[in-house]
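Trainee: Can you make the complete structure from the sequences, with help from the hints?
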Amino acid sequence: MSGRSDLDDGVREDGTFSEEPTPCAYTEYREGEGHTELPNTGEGSEGIEARVWETLYGIEDPEMPVSIVDLGLIYDVAVEGTEEGGETHATVTMTLTYTGCPARKMLTDEIREAAASVDGVDSAEIRLVWSPEWSIDLVTERGRESLREFGLSV
Amino acid sequence: MIDREELSEREREAVEELLFRLADDEFVIAERYTEWQIYAPTIESDLALANIAQDEFGHARLWYDPLADLGYSEAEYLWERPPGEFRHATICELAFEEGDWADAIVRSYLYDTAERLRLEALVDSSYVPIRDRVGKVIAEESYHREHASNWLDRLASEPAGRARVQNATERLFPHALTLFEPGEHEAEIVESGFRTDSLDDLRTEWLETVVPYLESIGIDVPEPESVERPDATGRDGTHTSDWDDLHESFTATYHELGFAEPTRLRGEP
Numbered sequence: 019m020s021g022r023s024d025l026d027d028g029v030r031e032d033g034t035f036s037e038e039p040t041p042c043a044y045t046e047y048r049e050g051e052g053h054t055e056l057p058n059t060g061e062g063s064e065g066i067e068a069r070v071w072e073t074l075y076g077i078e079d080p081e082m083p084v085s086i087v088d089l090g091l092i093y094d095v096a097v098e099g100t101e102e103g104g105e106t107h108a109t110v111t112m113t114l115t116y117t118g119c120p121a122r123k124m125l126t127d128e129i130r131e132a133a134a135s136v137d138g139v140d141s142a143e144i145r146l147v148w149s150p151e152w153s154i155d156l157v158t159e160r161g162r163e164s165l166r167e168f169g170l171s172v
Numbered sequence: 018m019i020d021r022e023e024l025s026e027r028e029r030e031a032v033e034e035l036l037f038r039l040a041d042d043e044f045v046i047a048e049r050y051t052e053w054q055i056y057a058p059t060i061e062s063d064l065a066l067a068n069i070a071q072d073e074f075g076h077a078r079l080w081y082d083p084l085a086d087l088g089y090s091e092a093e094y095l096w097e098r099p100p101g102e103f104r105h106a107t108i109c110e111l112a113f114e115e116g117d118w119a120d121a122i123v124r125s126y127l128y129d130t131a132e133r134l135r136l137e138a139l140v141d142s143s144y145v146p147i148r149d150r151v152g153k154v155i156a157e158e159s160y161h162r163e164h165a166s167n168w169l170d171r172l173a174s175e176p177a178g179r180a181r182v183q184n185a186t187e188r189l190f191p192h193a194l195t196l197f198e199p200g201e202h203e204a205e206i207v208e209s210g211f212r213t214d215s216l217d218d219l220r221t222e223w224l225e226t227v228v229p230y231l232e233s234i235g236i237d238v239p240e241p242e243s244v245e246r247p248d249a250t251g252r253d254g255t256h257t258s259d260w261d262d263l264h265e266s267f268t269a270t271y272h273e274l275g276f277a278e279p280t281r282l283r284g285e286p
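Protein chains in written order, with the working numbering: chain Y, 19 to 172; chain P, 18 to 286.
The set of hints was computed from the structure by calculation and includes no laboratory data.
Glycine included, each C-beta is placed from N, C-alpha and C at the ideal position.
All the pointers check out, no bait thrown in.
So these bits of chain P aren't anywhere near chain Y, every CB distance computed over 10 angstroms:
1. R27
2. D117
3. D217
Straight-line alpha carbon distances no greater than 25 angstroms define the calculated SDA-like cross-link-like pairs of lysine to any residue that follow:
4. Y:K123 with P:G275
5. Y:K123 with P:A67
6. Y:K123 with P:Y89
7. Y:K123 with P:F74
8. Y:K123 with P:R148
9. Y:K123 with Y:T106
10. Y:K123 with P:G88
11. Y:K123 with P:T51
12. Y:K123 with P:T268
Mentor: Have a look at this one:
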């Protein structure tokens, strides 16, 4: 998270999150395979895709000690070309909490490189999307615990 | 609904015009806002203007992204684009009256009110990449108008401040109207549903919002129909001399360092 987005995205000035539910326009979600329920944590994925999710779990938000997966930034992971002898290509569909995030390139590069480094992945790309909009509702229970430990009341 | 691959040549030109108007407005007004950092009258307003500028830079990037997907490089859509090819309205580029906080506040109020209306006219855009990002932008805008109107109320509550708001309104109003000047492809933009309201409709809605509000705080608003149209409107590539100076300064570092590919300086492959 960066900048004033923290306010817009439901964090009050005293560090607590507002309880107002932010509706997510799931029906507008046109990227990725089908209509994935969010937050997506990769639960139920298998093989190479599961390994990509596991790797992404190890990446933290640049400003807060919370996994980017638990923060709800990753909407989908899809690996193509897994047939015998194929070139495997991973596509990570993700969003950011704030449009003016100064760490956009840093973070998306880090995520792409991490995905490409996974055993069995030949190349990786990031698809950055802004719909559905990220909101506090996309933070997982584990993410909330991390944020509480950090001192945010969620 | 139309996605990038399905655009006809005419539609593509119209989409590009619409995106350049949106992105250039945001980028250029953000450049201007940054000039107030450390000079605003309170620490909170220093932070507010810095943050509003950051938001608008973020939105500019969001509107330049679909242009990049249409084949423009960052150098082409920004750093190496000739000043006469920028399509922002002149209200975004004018230099501030030196030391006049009311200028920054009135400008923000006039601009951000127009921005809300045009973003709402993009929510049901037929062009998928616009539709998919406009919600995020709208969510980050309401604070801008709140900041501007809080300050307008405060400034207008006593005579000296009100006089400044009055002067700024008279000076900026004709340039704010250039926000609604059509470009070459306006008919196609509306016909294809890229924007669901015409600029004329947006102008009417804007006047119905800003005129009563400014009058309610004691400001005389120029009669829109008798306002003299500025020589330069921005939308057709004509600009004020303030723009030449601003363009030169924001591209100076790029040229001095001989950036061919600016982002490659960060040591990436």
